[in-house]
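> The hints should help you fit chain B onto chain A, whose structure is shown.
Chains as they are written, first to last, in our numbering: chain A, 1 to 302; chain B, 1 to 411.
The hints are simulated quantities; they were obtained by calculation from the structure and are not laboratory data. In this text, all values refer to a predicted model and were calculated from it rather than measured experimentally. There's no promise every hint is true.
[Said to hold, decoys possible] Below are the PhoX-like pairs computed for lysine-lysine, each with C-alpha atoms no more than 25 Å apart in a straight line:
| id | chain 1 | residue 1 | chain 2 | residue 2 |
| --- | --- | --- | --- | --- |
| 1 | A | 85 | B | 19 |
| 2 | B | 17 | A | 86 |
| 3 | B | 302 | A | 132 |
| 4 | B | 220 | B | 2 |
| 5 | A | 125 | A | 112 |
| 6 | A | 85 | B | 172 |
| 7 | B | 302 | B | 19 |
| 8 | A | 41 | B | 220 |
| 9 | B | 172 | A | 125 |
| 10 | B | 17 | A | 125 |
| 11 | A | 86 | B | 302 |
| 12 | B | 302 | B | 17 |
| 13 | B | 220 | B | 13 |
| 14 | B | 172 | B | 302 |
| 15 | B | 220 | A | 125 |
| 16 | A | 85 | B | 220 |
| 17 | A | 86 | A | 29 |
| 18 | B | 17 | B | 2 |
| 19 | B | 386 | A | 15 |
| 20 | B | 386 | A | 85 |
| 21 | B | 400 | A | 15 |
| 22 | B | 386 | A | 86 |
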Amino acid sequence: MVLELRSIEKSFGEKRVLEGVSFRAEGGKAFGLLGRNGAGKTTSIRILMDVFPADGGEVLCDGAPIDYARVQLGYLPEERGMYPKKLIIDQLTYFAELKGMPRREAVRAVDKWLERLGMSEYRNKRLDTLSKGNQQKIQLVTALAHEPQIVILDEPFSGLDPVNAMLLKDIVREQISQGKIVLFSSHQMNYIEEFCDSIAILKDGRVVLDGDLHDIKRKYRRDRLAVHTEERERLLRDMAGRAEPMADGGVLLRLDAAEDKRAVMQRLTESYDIDGIQVFEPSLSDIFVEHAGDAGETEEQK
Amino acid sequence: MKQFWTVLSFELKSFLKNKVFVGMTLAMVLILAAVMFYPRISEALSRGEDEGAAPAGALMLVKNESGMAGVTEAFSAAFSGYEVRETREAEEVIRGQITSGEAECAFVITAPNAFTYYIGNLSMYDMNTEMARGVMQELYRLDAMVRAGISPQTAGEIASVQIESKTESLGKDQTQNYWYTYIMIFALYMVIMFYGQMVATGVAAEKSSRAMEMLVTSAKPLSMMLGKIVASCLAGFVQLAAIFGSAVLFYSVNKEYWGGGSIISSIFGMPPALLAYMLIFFLLGFMLYACMYGAAGSLASKPEDVSVLVMPITMLFVIGFVIVMPNMISGNVDNVLMRVCSFIPFTSSMAMFTRIAMSTVPWYEVAISVALLAAGTGLVGMLAAKIYRMGVLLYGTPPKLGALLKALRKA
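Okay, chain A solo, but in the shape it has when bound:
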């Protein structure tokens, strides 16, 4: 299954929130939708979920306009919250029923997920008797119980302890392996980098960067080397002006041209006691700051 947003436009009053937003997510892969606060992520998700229509553009599923009666979507909103005073089983069943599940099936699916998340003991408790982390796990059930083909998770890891984060990671991997489209929206770049094959970075309602994460990283000029050596200080001294220390204890070496790479590598291994040399690739955080940060615009124009 391929989900595609094509040239989506949306304004609220005078304010243009989305300007020609396009991106593409495939089944069996995770997609990362990134952007700073107010960049248009939630609006894009709401249009994708048919909460309100776009002013222009289209949402396609396998090339045809998406049919919401057939394609099921699951959503974990960033703003968490359900009915605090109602029983957990009642409200989870309610949400699954709203998604079109028959009642009995909904109860069965909810029970299955509660067990999977280790929350079965809270089945007949009121939501507000649970801790925040546990409430979040309960809410995750609303996104998954009806077995959607597209799962949208907005900041799914925020507020989870490491054990629960691990549990959620397993579940996400499981969903991906089932061929579903998992759409992440998060500011925690390490999680995106861990799961997502492709990303789109939104800035001021426009996509400023999108595509396969691996390709994006490879597009950067390969004219920097990350060198790890016991003789760090000597290397920095010898290469003063083109070498700088890295946070992980390595040395970042800038070359005059990418083609010099082989020669430089050879010279380094001959002259120093080298632990490892590799072409430096920027992290997703670096890429994000570069494109979505305040300097992003000028970087883009270079």
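Relative to chain A, chain B alone:
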């Protein structure tokens, strides 16, 4: 459509599981049971008392200085609840007897057309002066007629002549229908106010708890709004049915203790056709106001905002109530104001219902009123759905009216 039923059953269940709702309904039923069983219980209790010594009537002293004959006898006959005793004591002695509690009250007849009434504490409901005036008037006329040469027997016949009368109401009998109209209008008012506000706070609570984030991505706003409204309408209806149903049941059990002609029996003698009208106006009126309350609730971000947002709606409704109530009490239900109000959808559920109940309204007027109300409810419902769709996603300060109208025109 399936979503509508899902929302409806979820919301209705939360009403029926709500302890306040169940408690309030049960309390009302219990109060009604107490009221309806009261005559039976009080009769059973007083029967027990009757077996003891019968309490003697209070003492009433009558001093006759007028020279007319038969005064004491006439007072004895008129004040059967008292032990009437003639006295010749001085006024000071009579005052003393009353203040000491030996006598309850006293009449000193100073002339054929003048008397003084002595009483310890004058009750607000004391009718003795009125009765004494009647007795004295009759005595005076009899005395005058006898002195004019008419025989005492003929004079007595003239004075005590009874005029027979009969009333046949060809339309509605307001002495009979006033009370049930009053009760029904009041029930309509309470239910719309109470459940309307519940709809508004319910929507606002969903927004503030952010359950709305889940709802808007799971269901269509129209299903959400209508499901909620119809659920509260049904809940209100269940409550009314429980209350009125138990009242009818308790009344029929205790019917013989209530006797005929009382207010209670006039209430239960309500014609069934009126119940059908009540249902129509209740349903349409409720839907109309609940849609507005729902839209207002959707504009609030926190439950605290609700009271300000629903104020204009509540005011509109209260104005209708304030117009209808005095006209209903005065029985003047067909005046121009009431006629106009009975065609305006915002007031017609109360005004037209009152007119139907207490007067004779041509069928076409009823039909026009119901059609206008239904059309108005449809229009308001559509507008409310638009506001709702927009409102549920708005957070922060509720929009001003101008901004809201502008946004609506675009929507």
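> For each hint, tell me whether it holds in the structure or not.
Hint check results:
1. A/85 <-> B/19: Roughly 12 Å between the alpha carbons, so the hint for residue 85 of chain A and residue 19 of chain B holds.
2. B/17 <-> A/86: Holds, at about 10 Å.
3. B/302 <-> A/132: 21 Å, holds
4. B/220 <-> B/2: Since the Cα atoms of residue 220 of chain B and residue 2 of chain B sit roughly 11 Å apart, the hinted pair holds (cutoff 25 Å).
5. A/125 <-> A/112: Holds. Residue 125 of chain A to residue 112 of chain A sits at ~17 Å (cutoff 25 Å).
6. A/85 <-> B/172: 50 Å, violated
7. B/302 <-> B/19: 23 Å, holds
8. A/41 <-> B/220: Holds - the C-alpha atoms of residue 220 of chain B and residue 41 of chain A are around 21 Å apart, at most 25 Å.
9. B/172 <-> A/125: Not satisfied, since the Cα-Cα distance of roughly 57 Å exceeds 25 Å.
10. B/17 <-> A/125: Cα-Cα ~15 Å, so holds.
11. A/86 <-> B/302: Roughly 19 Å separates the two Cα atoms, so the pair holds.
12. B/302 <-> B/17: Holds, at roughly 24 Å.
13. B/220 <-> B/13: The given pair, whose Cα atoms are some 20 Å apart, holds under the 25 Å limit.
14. B/172 <-> B/302: 49 Å, violated
15. B/220 <-> A/125: 28 Å, violated
16. A/85 <-> B/220: Roughly 23 Å between the alpha carbons, so the hint for residue 85 of chain A and residue 220 of chain B holds.
17. A/86 <-> A/29: Judged against 25 Å, a Cα distance of about 35 Å means the pair is violated.
18. B/17 <-> B/2: Roughly 22 Å separates the two Cα atoms, so the pair holds.
19. B/386 <-> A/15: 20 Å, holds
20. B/386 <-> A/85: With a Cα-Cα distance of about 29 Å, the restraint between residue 386 of chain B and residue 85 of chain A is violated, given a limit of 25 Å.
21. B/400 <-> A/15: 18 Å, holds
22. B/386 <-> A/86: With a Cα-Cα distance of about 28 Å, the restraint between residue 386 of chain B and residue 86 of chain A is violated, given a limit of 25 Å.
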